[in-house]
Amino acid sequence: MTPVSLVDVGSYLPERTVGTDFYANGDTETAEGLMFRAPAFRRHAAPDETATDMVEKAARPMLERLRAQGDAQVDIVLTNVALPERAFTGAGADIAARLGLDPVPEWIIDVHNSGCASFVYMMKIARRIIEGGGARSALICSVQNMAGQLFARPDVRTRKHAPVPGDGCGVGFLRAGDESPILDVVSYQGVEYANDMNLSVETRKYWEPGEGEIDIGFSDGKVAQIVARGNQLVPQVATELCERIGTPTSDIDVFITNQPNQMFLQNWREALGVKPERHLDTFHQYGNLFGAGIPVTLAQARDEGKLRKGDLVVLSGFAHAGDFAAAAAVRW
Numbered sequence: 001m002t003p004v005s006l007v008d009v010g011s012y013l014p015e016r017t018v019g020t021d022f023y024a025n026g027d028t029e030t031a032e033g034l035m036f037r038a039p040a041f042r043r044h045a046a047p048d049e050t051a052t053d054m055v056e057k058a059a060r061p062m063l064e065r066l067r068a069q070g071d072a073q074v075d076i077v078l079t080n081v082a083l084p085e086r087a088f089t090g091a092g093a094d095i096a097a098r099l100g101l102d103p104v105p106e107w108i109i110d111v112h113n114s115g116c117a118s119f120v121y122m123m124k125i126a127r128r129i130i131e132g133g134g135a136r137s138a139l140i141c142s143v144q145n146m147a148g149q150l151f152a153r154p155d156v157r158t159r160k161h162a163p164v165p166g167d168g169c170g171v172g173f174l175r176a177g178d179e180s181p182i183l184d185v186v187s188y189q190g191v192e193y194a195n196d197m198n199l200s201v202e203t204r205k206y207w208e209p210g211e212g213e214i215d216i217g218f219s220d221g222k223v224a225q226i227v228a229r230g231n232q233l234v235p236q237v238a239t240e241l242c243e244r245i246g247t248p249t250s251d252i253d254v255f256i257t258n259q260p261n262q263m264f265l266q267n268w269r270e271a272l273g274v275k276p277e278r279h280l281d282t283f284h285q286y287g288n289l290f291g292a293g294i295p296v297t298l299a300q301a302r303d304e305g306k307l308r309k310g311d312l313v314v315l316s317g318f319a320h321a322g323d324f325a326a327a328a329a330v331r332w
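The letter at position 159 of the sequence shown is residue 159 when you use this note's numbering, and the numbering goes up by one with no holes.
These are calculated hints, taken from the structure and not from any lab test. Small disclaimer: the values here were computed from a predicted structure and weren't measured. We put the CB at the ideal spot given by N, CA and C, even for glycine. Don't take each hint at face value.
[Said to hold, decoys possible] The calculated label-pair distances, taken between Cβ atoms and stated as ranges, are:
{"#": "1", "residue 1": "M263", "residue 2": "A24", "range": "42 to 48 Å"}
{"#": "2", "residue 1": "A97", "residue 2": "E131", "range": "39 to 45 Å"}
{"#": "3", "residue 1": "D155", "residue 2": "M1", "range": "16 to 22 Å"}
{"#": "4", "residue 1": "D215", "residue 2": "N113", "range": "41 to 47 Å"}
{"#": "5", "residue 1": "D253", "residue 2": "H112", "range": "30 to 36 Å"}
{"#": "6", "residue 1": "E213", "residue 2": "M1", "range": "16 to 22 Å"}
{"#": "7", "residue 1": "P47", "residue 2": "A68", "range": "15 to 21 Å"}
{"#": "8", "residue 1": "G305", "residue 2": "E15", "range": "22 to 28 Å"}
{"#": "9", "residue 1": "G310", "residue 2": "P47", "range": "41 to 47 Å"}
{"#": "10", "residue 1": "A224", "residue 2": "A40", "range": "22 to 28 Å"}
{"#": "11", "residue 1": "G305", "residue 2": "P276", "range": "14 to 20 Å"}
{"#": "12", "residue 1": "M263", "residue 2": "Q73", "range": "38 to 44 Å"}
{"#": "13", "residue 1": "K306", "residue 2": "D215", "range": "33 to 39 Å"}
[As the list claims (entries may be wrong)] Below, simulated DSS-like cross-link-like pairs (lysine-lysine); rule was C-alpha separation at most 30 Å, straight line:
{"#": "14", "residue 1": "K124", "residue 2": "K309"}
{"#": "15", "residue 1": "K124", "residue 2": "K205"}
{"#": "16", "residue 1": "K306", "residue 2": "K124"}
{"#": "17", "residue 1": "K57", "residue 2": "K222"}
{"#": "18", "residue 1": "K124", "residue 2": "K160"}
{"#": "19", "residue 1": "K222", "residue 2": "K205"}
{"#": "20", "residue 1": "K222", "residue 2": "K309"}
{"#": "21", "residue 1": "K275", "residue 2": "K57"}
{"#": "22", "residue 1": "K309", "residue 2": "K275"}
{"#": "23", "residue 1": "K205", "residue 2": "K309"}
{"#": "24", "residue 1": "K306", "residue 2": "K275"}
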């Protein structure tokens with residue numbers, strides 16, 4: 001079977017930094033309060049900044065590095081956009097056009113599920129296509145663009161969960177070869193929880209006119225259950241992954257997860273026996289970046305020299321209310 005490597009990553013953070021004084025909310029020690037405890041800072045995308053704009057700014061420098069090495073052809077484009085602007089077509093085709101990908105990739109897929117674990121899921125999808133000989137390389141893109149567009153709305157920004165998210169974009173480049181091989185990827189589908197998080201628009205459908213602004217809503221009384229699921233799912237998939245590659249979780253060199261809040265981060269590393277200095281995050285700088293959190297933190301770790309050749313890097317996360325989770329291992 002053809003080995004597949006994650007050979008490069010890139011990131012983009014919008015220019016505007018927003019402090020907690022932009023919001024007005026209270027915090028409590030309840031499960032809901034811990035779930036939505038705010039970071040110190042976050043970034044907001046500009047009002048006219050699109051998902052394609054964000055991907056271009058993250059991907060172009062990475063592709064230029066690869067082009068300088070003589071290998072930047074993209075056969076697959078996979079995207080996950082938290083708040084799609086394009087109701088029907090998705091962002092993938094527009095991204096391929098904006099980046100001037102030539103030849104146009106045969107595979108352009110907008111992956112709309114998997115949320116905060118989307119980067120790992122797209123690694124799995126791209127790896128399978130490349131392993132099977134259907135392509136040689138892939139550009140995977142995770143965009144979080146809800147903080148400045150949805151959670152900054154006047155009626156929404158006063159709610160306790162509004163200060164937690166931040167905007168950003170992370171991208172990765174996979175290709176056939178064993179230079180930094182993906183050792184394995186595992187995923188979990190919790191389909192029974194698919195309706196525990198939704199758009200909250202009272203009684204109307206989100207596209208229908210009416211009173212009140214659209215917000216993200218969790219089913220009544222479900223926050224404590226979601227916290228329990230979140231505490232369980234990341235250790236579950238990360239443990240399964242490490243068992244499959246024959247390595248104890250305590251031997252993970254670099255652990256990068258999605259970053260909903262500090263409570264989850266602490267609970268996950270303690271459950272897995274990972275030392276705090278090995279579990280990297282950017283939560284207090286950028287907030288909950290949803291699916292972009294893993295690649296943004298990975299790119300920053302690379303730029304800061306925190307990744308060494310031969311490190312076992314484990315990427316893991318869970319999505320939404322627990323309907324999806326995934327973990328991937330890379331030998332850097």
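Against the structure, the hints:
| no. | hint | in the structure |
| --- | --- | --- |
| 1 | M263 to A24: 42 to 48 Å | violated (22 Å) |
| 2 | A97 to E131: 39 to 45 Å | violated (28 Å) |
| 3 | D155 to M1: 16 to 22 Å | violated (52 Å) |
| 4 | D215 to N113: 41 to 47 Å | violated (20 Å) |
| 5 | D253 to H112: 30 to 36 Å | holds (33 Å) |
| 6 | E213 to M1: 16 to 22 Å | violated (49 Å) |
| 7 | P47 to A68: 15 to 21 Å | violated (35 Å) |
| 8 | G305 to E15: 22 to 28 Å | holds (25 Å) |
| 9 | G310 to P47: 41 to 47 Å | holds (44 Å) |
| 10 | A224 to A40: 22 to 28 Å | holds (26 Å) |
| 11 | G305 to P276: 14 to 20 Å | holds (18 Å) |
| 12 | M263 to Q73: 38 to 44 Å | holds (43 Å) |
| 13 | K306 to D215: 33 to 39 Å | holds (36 Å) |
| 14 | K124 to K309 | holds (22 Å) |
| 15 | K124 to K205 | violated (33 Å) |
| 16 | K306 to K124 | holds (24 Å) |
| 17 | K57 to K222 | violated (37 Å) |
| 18 | K124 to K160 | violated (34 Å) |
| 19 | K222 to K205 | holds (21 Å) |
| 20 | K222 to K309 | violated (43 Å) |
| 21 | K275 to K57 | violated (33 Å) |
| 22 | K309 to K275 | holds (19 Å) |
| 23 | K205 to K309 | violated (50 Å) |
| 24 | K306 to K275 | holds (14 Å) |
Hint compliance for this structure: hints 1, 2, 3, 4, 6, 7, 15, 17, 18, 20, 21, 23 are not met, and every other hint is.
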